[in-house]
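> What follows is the residue order along each chain.
2 protein chains.
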Amino acid sequence: MNPSIERICEQILETATPKPDERKRVQRLAEKLRQRVAVEAERAGLEAEVKIGGSVAKDTWLSGEADIDVFMLVPTSLGRERLEKDCLDVAKKAVEGWPWTERYAEHPYLEAHVEGTRVNVVPCYRVKRGEWVSAADRTPFHTEYVKKKLAEKNLRDEIRLLKRFMRGVGVYGAEIRIGGFSGYLCELLVLNYRSFLGTLKAVSGWRRGHVIDVESFYRGRSEEIRKLFDAPLIVVDPVDKNRNVAAAVSDDRLGEFIAASRLFLGKPRETFFYPPETVPFEASDFRERLRARGTDIILMTFDGVDVVPDVLWGQLYRSLRSLKGLLRQYDFSVMRASAWSDEKTMNVLLFELESKDLSASRKHVGPPVDSKEAANFLEKHVGAESTVSGPWVEDGRWMIETKRKCADAVLLLREKLRVGGRDVGVASKLAESVRTSLKLLANEEIVDLCSSNPGFAKFLTGYLIGRPRWLHS
Amino acid sequence: MNPSIERICEQILETATPKPDERKRVQRLAEKLRQRVAVEAERAGLEAEVKIGGSVAKDTWLSGEADIDVFMLVPTSLGRERLEKDCLDVAKKAVEGWPWTERYAEHPYLEAHVEGTRVNVVPCYRVKRGEWVSAADRTPFHTEYVKKKLAEKNLRDEIRLLKRFMRGVGVYGAEIRIGGFSGYLCELLVLNYRSFLGTLKAVSGWRRGHVIDVESFYRGRSEEIRKLFDAPLIVVDPVDKNRNVAAAVSDDRLGEFIAASRLFLGKPRETFFYPPETVPFEASDFRERLRARGTDIILMTFDGVDVVPDVLWGQLYRSLRSLKGLLRQYDFSVMRASAWSDEKTMNVLLFELESKDLSASRKHVGPPVDSKEAANFLEKHVGAESTVSGPWVEDGRWMIETKRKCADAVLLLREKLRVGGRDVGVASKLAESVRTSLKLLANEEIVDLCSSNPGFAKFLTGYLIGRPRWLHS
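The listed protein sequences derive, respectively, from chains A and B.
Position in the first sequence (first residue = 1) + 1464 = my numbering.
Position in the second sequence (first residue = 1) + 1464 = my numbering.
Just to be clear, a hint being listed does not mean it is correct.
You can't tell identical chains apart in this list, so a pair holds if it fits in one copy or across any two.
As the list claims (entries may be wrong) - Pairs of lysine-lysine residues, derived as DSS-like cross-links and limited to a Cα-Cα distance of at most 27 Å, are as follows: (1) Lys1827 / Lys1869; (2) Lys1488 / Lys1827; (3) Lys1922 / Lys1592; (4) Lys1731 / Lys1705; (5) Lys1788 / Lys1880; (6) Lys1893 / Lys1788; (7) Lys1922 / Lys1867; (8) Lys1611 / Lys1592; (9) Lys1731 / Lys1836; (10) Lys1880 / Lys1844; (11) Lys1788 / Lys1827; (12) Lys1788 / Lys1867; (13) Lys1903 / Lys1515; (14) Lys1844 / Lys1731; (15) Lys1613 / Lys1867; (16) Lys1557 / Lys1488; (17) Lys1617 / Lys1844; (18) Lys1844 / Lys1665.
In case anyone wonders, no lab produced these hints; they're calculated from the structure.
Note that the structure is a prediction, hence the values are computed from the model and not measured.
Build the full structure now, drawing on both the sequences and the hints.
Structure, rendered in structure tokens:
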């Protein structure tokens, strides 16, 4: 007999809820950092309210995964430039001695690693609700909103279950690489559906374009919302009716969340929360698998570029889409494409084609025989070097069989990417690296890369299996 | 300088109009056969009115191409069985000593070859207009209609020009093999547009579904006509408003006629009337051409079957369409397909594919993740032998990469045609021959067949050039 759903949830909570020791350690660390930032701000003469925000403030964090968010709220009289410079200077002093990086995607912040815990120091403006200046100004309001709601009804266990579930099925995280659900969005779902299982039941019935309007800002006007936001999932922010909290959620992550919810409710298992790690294949396995599937896998590798992860992944995904389009435009049947990066030294775009070699000729559908264009078409193609056969009349149109400009996908990519590929849609910050360091590998040539790069080997293994880790037979 | 269009028409008429000698010979022969049929009918006690019909009666035949049609009009009191048996017995006696064949497509008739001329003896019922019993009963009315109109205005030169043009561009003939324009249809076009050039000018502006209602039976109700007939071209029969004289005209012949009309008017040349014969390639040319186009040509050959040409070609075309569909259903990219037969010993279906070999696996698009079918899909494919990768979620659907059932087109055809191919759409009268005598050849294997069969070599040459013989660079 399978364990009951309640029993599984109990066991998961056991591991997902921080124990008193861990909780104490994190709270002490958070308070220590809050004070250090406050002291440094004062020293720098910066009028700043320093608060702990995020899941630590709300007590909704997962055991072993605490992120400490320290917010510096400054007056709007401090210009944008000083927000970025002065505040980050303060932050750097506060974390002196620990390793840190400057992050800048929508807004600038400092990420440090302190005693094994990730700490984000995030400057923002202290504003009235609705009078947002920088992108992070809403976040303290989010924290307050959730804290207030959780004070009315303690749903922290339910939130931790949902976060753990989302983490397990791979849809947790609003960063571009993932395109999934933020912690705040996860909390809103539980507040809305009142429990973990209630959420999964509701999600099982979601369709693309589902709308949740927690505070009923648009009561009875859901069509208006869809026009306003146009996203796979729309969750109106309770602190800002013009913002979709789920804007980052991609079609694929939404689909996976719906699929996983349905499957979990049908056949509950712990593996949805803690799926097995992917164990990379051996070189011989890779060779065997690649041969057995009988398709062609082409890999583009190029050196890392110096941008923050959100920018990098945005550029990788955009380039992937463009090049997939390029291959299709040349008639290659692209079955699937994927991107991988170690975010430092190496980027990879992978394309799987039915075949990297096409027939030397193709059928070309010309204009209708009764159209104006017919004469030009004949002028151009009758007796032309490239015309292999025809023109003939079929279905009321002129047709020819013509030589392909390029029948080899590797050659096509090599040619189009020779100077970086900007004109075929390689994103701006990647083009230079593509120009100078591009390597194109096909099929078994890829296997050597796996031997020298365990991260890539794990990615490729997952790609070849092609199945979410939580999905069982 | 190109010769003027008028000069070309004059020259063509010169050769297309029968000279007095030929005319006298044909008229004498026609009258002789009419009398022989009348005498034999009387001997057999058959009450029959015997008349010359068709283009000889109307004096619209092309020099060198006279067909003598002898009609036996009998009373409807003679039952269907006696029409078929007694009349054909009479016909056989009338042509005794000359070679003849019994023909039966829509209606039975006798075809004989007398002194180098084809003679058709066609029994039909003598009926009032509109009270048709057999399919041939309208024909004497067609002859009368055209004769009467030509008595008002002699357009015989114009008709001969159009017939010669249609013959030249390959659209003349209502038989199934051609799917083109009958002599009667050609005459109606000239009667309608008043001249050869007037016809070509009008045709240049035709679109698919063009309607001509010579006698204005449906004045102002052309939409009604389209619903009634639904054909690429609709010409309402002046002697029967329920019949489309152009019912036999296929989309491709209509398209070619429109295309040729436009091109001829733009750049008049004699070659539209007398295009050069196709000169078959040498074996080495065939090999070179096949290699150069870089596609795969598959040939199905099987022994002749004992049916009249109209039935044979109907069955060949139907089988060709079905098997093209079969190949496409298995993902093969069929560029073009064609049929050939010597109408006696050998039939050929030809398929040109981008490639006869597909990738061993293909992407299979499954049901939406939020559908009822999702559970069954996963049940069936997760961990299945045939599943190469996945299932994964993409565009809101489950997807897998799965092994193809058949990735080789020759194997597919061999397997599906093993017992005749009735269930994959091989037409009934061909299946037995396919079962017992099918050969499948690919690419250069075809070349040997060309060496031993000049008729096929000519067909294949035309196919590979793929361009109407009248189309010039």
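> I'd like to know which numbered hints this structure contradicts. Please list them from smallest to largest.
Of the numbered hints given earlier, those the structure breaks are 2, 3, 4, 13, 15, 17, listed in rising order.
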